[in-house]
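Novice: Listed here are the chains, written in short residue letters.
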Amino acid sequence: MSEKTIQLEVFRYRPDADGPGFQTYDVPFHDDWVVLDALNYVKDYVDGTLSYRWSCRMGVCGSCGMEVNGEPKLTCAAFLRDYLPGPVRVEPLTNFPVERDLVVNMDGFMSKLDSVSPYIVPKDEAGGGPSAEHLQTPAQLDRYKQFSMCINCMLCYAACPVVGRVDEFIGPAALALAQRYNLDSRDDGRERRYDVMFQDEGVWECTYVGECSEVCPKHVDPAGAIQQAKLSGALDYYKRMLTPWARRS
Amino acid sequence: MGWTWWTQKPAYVHVFLREASAVFILAEVVLFAVLIHKAGQDAETYRAYLDFLWHPLMVVFHILALAFAVWHSVTWFLLTPSALPRQIAGRRVPAALVVGQQFAGLAVVSLLIALWVAWVGAT
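Quick mapping for you: the protein sequence lines, in order, are chains A and B. Following my numbering, the numbering of the first sequence begins with -9 at its first residue and continues without gaps. Following my numbering, the numbering of the second sequence begins with 10 at its first residue and continues without gaps.
Treat the hints loosely; a few may be bogus.
[What the hints assert, rightly or not] Which stretches of chain A does chain B cover? Using the computed rule of at least three CB atoms under 8 Å from a CB of chain B, they are:
hint: 1; stretch: 47 to 55
hint: 2; stretch: 118 to 125
hint: 3; stretch: 195 to 203
hint: 4; stretch: 210 to 216
[Stated by the list, open to error] Straight-line Cα separation of at most 25 Å, SDA-like style, residue types lysine to any residue; simulated pairs:
hint: 5; chain 1: A; residue 1: K33; chain 2: A; residue 2: R43
hint: 6; chain 1: A; residue 1: K229; chain 2: A; residue 2: R43
hint: 7; chain 1: A; residue 1: K135; chain 2: A; residue 2: S175
hint: 8; chain 1: A; residue 1: K102; chain 2: A; residue 2: R71
hint: 9; chain 1: A; residue 1: K102; chain 2: A; residue 2: G11
hint: 10; chain 1: A; residue 1: K229; chain 2: A; residue 2: V156
hint: 11; chain 1: B; residue 1: K18; chain 2: A; residue 2: F12
hint: 12; chain 1: A; residue 1: K208; chain 2: A; residue 2: D114
hint: 13; chain 1: A; residue 1: K220; chain 2: A; residue 2: A116
hint: 14; chain 1: B; residue 1: K18; chain 2: A; residue 2: P10
hint: 15; chain 1: B; residue 1: K18; chain 2: A; residue 2: Y184
hint: 16; chain 1: A; residue 1: K(-6); chain 2: A; residue 2: A67
hint: 17; chain 1: A; residue 1: K(-6); chain 2: A; residue 2: K33
hint: 18; chain 1: A; residue 1: K33; chain 2: A; residue 2: G60
hint: 19; chain 1: B; residue 1: K18; chain 2: A; residue 2: K(-6)
hint: 20; chain 1: A; residue 1: K220; chain 2: A; residue 2: G179
hint: 21; chain 1: A; residue 1: K220; chain 2: B; residue 2: E37
hint: 22; chain 1: B; residue 1: K18; chain 2: A; residue 2: P87
hint: 23; chain 1: A; residue 1: K135; chain 2: A; residue 2: P87
hint: 24; chain 1: A; residue 1: K208; chain 2: B; residue 2: V79
hint: 25; chain 1: A; residue 1: K135; chain 2: B; residue 2: T89
hint: 26; chain 1: A; residue 1: K208; chain 2: B; residue 2: K47
hint: 27; chain 1: A; residue 1: K102; chain 2: A; residue 2: K33
hint: 28; chain 1: A; residue 1: K220; chain 2: B; residue 2: F86
hint: 29; chain 1: B; residue 1: K47; chain 2: B; residue 2: E37
hint: 30; chain 1: A; residue 1: K220; chain 2: B; residue 2: H81
hint: 31; chain 1: A; residue 1: K229; chain 2: A; residue 2: R176
hint: 32; chain 1: A; residue 1: K113; chain 2: A; residue 2: R180
hint: 33; chain 1: A; residue 1: K102; chain 2: B; residue 2: E37
hint: 34; chain 1: A; residue 1: K220; chain 2: B; residue 2: K47
hint: 35; chain 1: A; residue 1: K229; chain 2: B; residue 2: V108
hint: 36; chain 1: B; residue 1: K18; chain 2: A; residue 2: T197
hint: 37; chain 1: A; residue 1: K102; chain 2: B; residue 2: G11
hint: 38; chain 1: A; residue 1: K135; chain 2: B; residue 2: A105
hint: 39; chain 1: A; residue 1: K208; chain 2: A; residue 2: R4
hint: 40; chain 1: B; residue 1: K18; chain 2: A; residue 2: H209
Think of the hints as simulated: they come from the structure by calculation, not from any bench. These numbers come from a predicted model, not from an experiment. Beta carbons are placed, not taken as given, at the ideal position from N, Cα and C, and that holds for glycine.
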């Protein structure tokens, strides 16, 4: 009996060769194979020139995000059996420049991520000082924990139509991470993040399409984080207007 | 991404329809403002405007506007739990409570308006 196969339609782009296009590969079908397994099969046994990113194979590293049949997916979590009878179309993430085949350029994303100071800014001496022990209750942890589960897979950027239309939009993951640190009781960086988060290309650019939350493999709900940031930003604005002498925290 | 971006996925279409509802709501507000203006004029002008509002094509438009308003309200109510802070006064608020309160509020306000209209009609 011949082995069961499934067809992959893989986006190919090699800067040193012809223009972009699709290449089809027939790969063995196994019930427990994911799209990444199929790509690895192609790379190992059929066409070693195929380029793509991957690492952990277990939904933790966030490296293997691609468009699978037009939907942003972690290919290590997209089972071939869900795409029967095929073909399975694999493309690089939408809204990013393509470097080669399925590899996208992440520079813009990294610089947006960096712009929101995505780390705990220690409190000054008045707040206990950076070296002090800052205890946190389960309720305080609960305020931000969901937003801290991001693995920077960038699926949310591929799903967001605003990212596709406005290059400068800070975007879902970075804004959700900014909100995550703003909600952290140990953090003192709200003021530092204010200008980036609440500029025109910050939270206000989001129209709450909500697809970022739909595609998020870690259920971070960046759309919710951004709407919550809008609310706190609006409150901050009125506080600043009514009490211009007060220190912000 | 071209101007037809909103046709690319069903989810985008849903959002676009939610946003497009503003056009119908605005049109209904304008029609209502004109109605108030006409009410201050002579009876014949007012009645002619009422006839215009009851024209079959206008009735279709009103039904369409109502459908858009309902679509906007329902989809927005369902979105609000994630848009609000997870806790109020340090306690987690269940999503069903947030959504339920809004539908209950809508029902109460609609009932009050219906009763008021019925009362005005009866007197």
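Novice: Go through the numbered hints given earlier and state which of them the structure violates, listing their numbers in rising order.
Specialist: 1, 2, 6, 8, 9, 10, 12, 13, 15, 19, 21, 23, 24, 26, 27, 33, 34, 35, 39
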